[in-house]
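One line per chain: the protein sequences are H and B, in this order. Heads up, the working numbering is the position in the first sequence plus 64, with the first residue counted as 1. Heads up, the working numbering is the position in the second sequence plus 740, with the first residue counted as 1.
For the record, the hints were derived by calculation from the structure and aren't laboratory data. Please note: incorrect hints may appear among the correct ones.
Said to hold, decoys possible - Not the full set, but computed from the structure, chain H residues with beta-carbon under 7 Å of chain B:
no., residue
1, A78
2, N142
3, V190
What the hints assert, rightly or not - A short list of chain B residues far from chain H (calculated; beta carbon distances all over 12 Å):
no., residue
4, R862
5, E865
6, V883
7, S952
8, Q967
9, A995
10, W1064
11, V1079
The model shown is predicted, which means the values in this text are computed figures rather than measured ones. We put the beta carbon where it would ideally sit given N, CA and C, even for glycine.
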Amino acid sequence: MVVQVLIMCVDKIAELRELHVNQLSKHIEKLKADRCGRQCQPLFCRFSKEECDALQLGHLILIMSKLDLEREGFRYQNVQTIYNTVCTTKELFFVKCSCKVASESHSECSWVPDLKEYVQGVWDNVRGLNFADFPSRRVARVGVY
Amino acid sequence: MFKTHKQKKNSSLTPIKKYDLSSDESSDCAASTKAPAPKVELPKTLNERKQKAEELEVLKRKEVEELEKRMRKELEELEARKQKTAELEDWMRKEAKEEEDRIQQKEAEELAMQQLLDAELREIERQQKEIEEKEHQKFNLKVEKLVALINQPRDDAVDEVVEPEPSVAFGQVFSGEKSGAGVSHENVLPAPELIPLRTLVEGGDMIIDATSSSTNKVLVRYQVASQVLWSASRVFRRMFGPESQFKEAVDVRRAERGYGPAVIPLYDEPEVLELIFNTLHHHNDKLPDTIPFERMVEIAVICDKYELQCALRFVAEMWSRPLWSIDAGYEDWLLISWVFGYEDKFTQVSKELIKRSEWKAGIGLVFGNCKGDWGTMLSDATPEAVISKPLNSPECHGWLFKCL
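Given only the sequences and the hints, what does the whole structure look like? Please build it.
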């Protein structure tokens, strides 16, 4: 009995973990794709600067690579680590650059708030398992409870 | 007259007597033939004599030649015979050698066969000795039991109900499913006085042998009341309840008629069994107020095994309440909450595990922030199958529980 229970539980846990990690991975891919596909219309920069979008995209790629949150890296992360990395690291923002193009503050054009909000949403939505997820349990326990 | 070289040679080898034409010739000739000489008319003339002599010479030469021929032939025959004899000797020598080889080979085969037979004989003797020893042990045990029965006072010496001898023990049928109990351990049972006996019920009709599953040795014996056990557990009810036909049940029924307590081995941790038996027999003074987390996990495993959750529900709640935590190292709460039906705790701990679990290359899904590379989840009380099965299964996620 214990054997079957644990196999079932761990399978469900693995399934849910993969679901959440896949959600985060897909969102980051979406962030990249959005910024890559709109070079002609810089919608993300509040000053409508094409360079700003390009910088933000580069920043996104750089940070993701640094934090090992790329497509393959995601497979080996746990949800807690991703949450801690994204939501609690202050240095994630690309605030200011000394070069001429980025002399203005582009913190409001950043992808970081969007990602933080999404990760927080996923984190809050992680739900645990219930006995109802295991229909066989009720059958097995008839007469005991 | 001319002679050939050969003739010369021959003539030198066998000198031919020349006829002396003198007067003594006739007497000489007569002596050589040793027969009464016929009257030969001697040639009168010299020419005739010469002719005669020549004829004789030719005759003599022919004879010599024939003699030589015969001798040569005999010599050849002798040579051929010699050769044949040599060949025969060779063949005989060869045959003798082959025969010798054959004999040697046969001897070696016989020796090997003999050795094999000896080894088999030894093995059979050993097996026979083992069987005899076992029989002897069994006999001794039976004698001991009989002596115990004779010494035991019998109040109810009433009707003798002959119980049918059951052939199957509960443990033999359900060893893989629910319990490792009931398997006969008569052969490994040490002398009863060497094993500590803890009496939970004075005069209890059952003795539970807490037996080590690895060494198959009895560690502790508990004297209990079978009714208390089977009324608390469905598994025990099937094993030795009133409707059961297993060997254990027959033993219990015999015990009721004064045959001494039934002995049943259980392959579980003795200390955990003691806690459970004390709880079931309401020996609350012997129960600790708190227990370590690992012990709680072991209790959960045994409760699940024998379906004792209901009977131990309140005690388990008392023990588990102060142990509640979702920190790393308390992943076994998943098991405890499942067994005792604490759904809110099950949800919380599974939520934490979803958040904390991660994928490791070559290992699979791991939990917690253990000191080692692997996470914790299950205690040592958990059956080995839980740990090994998923790793062996190709379609599984490949998860691990043990902490290094």
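Going through the hints against the structure:
1. A78: 4 Å, holds
2. N142: 4 Å, holds
3. V190: Hint on V190 (chain H): holds, closest Cβ of chain B at ~6 Å, below 7 Å.
4. R862: Label holds. Min Cβ-Cβ 45 Å, cutoff 12 Å.
5. E865: Consistent with the label, E865 (chain B) stays out of reach of chain H, its closest Cβ about 45 Å off (over 12 Å).
6. V883: 41 Å, holds
7. S952: 20 Å, holds
8. Q967: 19 Å, holds
9. A995: Nearest chain H Cβ is 28 Å from A995 (chain B), so the label holds.
10. W1064: 15 Å, holds
11. V1079: V1079 (chain B) not clear of chain H: closest Cβ-Cβ about 8 Å, inside 12 Å.
In this structure, only the earlier hint numbered 11 is contradicted, and the remaining ones agree with it.
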